[in-house]
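Knowing the structure of chain A, use the given hints to seat chain B on it.
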Amino acid sequence: MSSELESVISLCRMVQSGRIEPFDIDFDYVMGVIRKHYPKIKNVKGFCLDAEALKELSNVLERQNQWIAHKSSTLYKDPFMLSQSLMRMDIGAIADAFLKSWHPVVEMEQISARTLAESLGYWGGLIPLDERWQGLEVAERETGTATMQEAYDLGLILTEGFAGLLEGFWRELGERAGVGGVIDYWDWIGADTYRDTVYRAYMTVFMVSHGYANIHHDRLTEETKIIHNPELRPDPEKPKVSLLMMVDYEEWRLWRQS
Amino acid sequence: MAAKLTKTERAYARKVKDAVQLLFFKHHRLPGVRGWELRKELGRDWRNVLDVLDKQIKPLDLRVTQAFDEPDIVEPTSAQLQDARYYITLRGTVDQKTAKTIGWRIDDIAGLAVSVAYLISKQGKAPRVDVERVLQEKLPGWRVKLNLDRYIQQGYLGADEQGVMYLDWRSRAEIDNKKLVDLVVGFGKKNREA
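The listed protein sequences derive, respectively, from chains A and B. Take the first sequence: its letter number 58 is residue 58 in our numbering, and every next letter is one higher. Take the second sequence: its letter number 81 is residue 339 in our numbering, and every next letter is one higher.
In case anyone wonders, no lab produced these hints; they're calculated from the structure.
As a list, the in silico DSS-like pairs of lysine-lysine whose alpha-carbon atoms are at most 27 Å apart:
| id | chain 1 | residue 1 | chain 2 | residue 2 |
| --- | --- | --- | --- | --- |
| 1 | B | K316 | A | K100 |
| 2 | B | K380 | A | K100 |
| 3 | B | K313 | B | K265 |
| 4 | B | K383 | A | K100 |
| 5 | B | K316 | B | K275 |
| 6 | B | K358 | A | K100 |
| 7 | A | K100 | B | K437 |
| 8 | B | K403 | A | K100 |
| 9 | A | K71 | B | K380 |
Extracted from the complex, chain A is given alone in its bound form (with noise of 0.2 Å):
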């Protein structure tokens, strides 16, 4: 049945692409084989080829208007007797031809006056380079001396190295979740304070990140849950996947208030 129909609509489409002309098409053939077809259909998937057989025939009927246009128009003349006339004439008839009919277009490239006006306007607001291309200020500043202490508490030196931190996360997450447990992502980052909060959902990034646990989306409820791996076995090699969370604030504050 399928083929059937399919071999009408490629036999359209030929007239679209020029391949055959608007009337060999035989409208009541085609309408046959659509109507022949329309009470056999079981499937959107026979709703589909109908429509489309449907629509070019239409776009052949739309070929065929257009065809009788063109022939009444004065540009019309038989494509046989001009192909025919086309033999006939050698090159340089061919040639005479087309120049009697050709009227090149003239432009020009160059600079116009006002394109001229406009770019001397625009120099003359542009700011010179030594202007904008400012140094940046730097004021000299003495240098001074910071205790280990001092750094910590600054934060620019961890207590301990990273990848510790991460298992110290992770046995956290064991804890509260249960071994290969689950734990609502609110619950597992949120802390006392913002910061905390900003400090845990970022080492739950790197967790993530690096296979110490997994992450699941529910699109639907739009609730994260977080999983404990309960194999610790960072691998290195391994390609790592990015994260992006929000740790929105007001979100926190609603988190805490409840």
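Coordinates of chain B only, in the frame set by chain A:
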């Protein structure tokens, strides 16, 4: 009254100058200016301004040419006029000697003429293989492909992804299709009568 007339004349002279800059200089990737662009720059009487310009450039053998995207438009509507492209073209024609000096070989001109005439006879659309076949009657095969690519690059012919060729913007702007077809068919008749 005389002063008012002079003012109008001055305004027209200024608009004609603006029209010259719009039409002679290339502003977009393709030459020519759309009607709506002219209306925007020249005002509501843009068609009259073009008529004045057309008269003024006539002694230089130039003219303002209007080309529609649809070739069969006879009585254009206001919307179609604004959508049409306007160009400055040669009013007269060039002879073979001049055509050679501007870089056209006689074979190239004949090839373009045959392609355009064939496409006109096919209502402006035909598969590239058919156009190639017609050209191969008089031109060597390697030259046919080369020439067709050149006509496409110059904007005389276009080709879509399915390999269907059509008359592009330059043919609509520069070639008097009716005259070309009449001359070709007329040549055949003349020969038969002789």
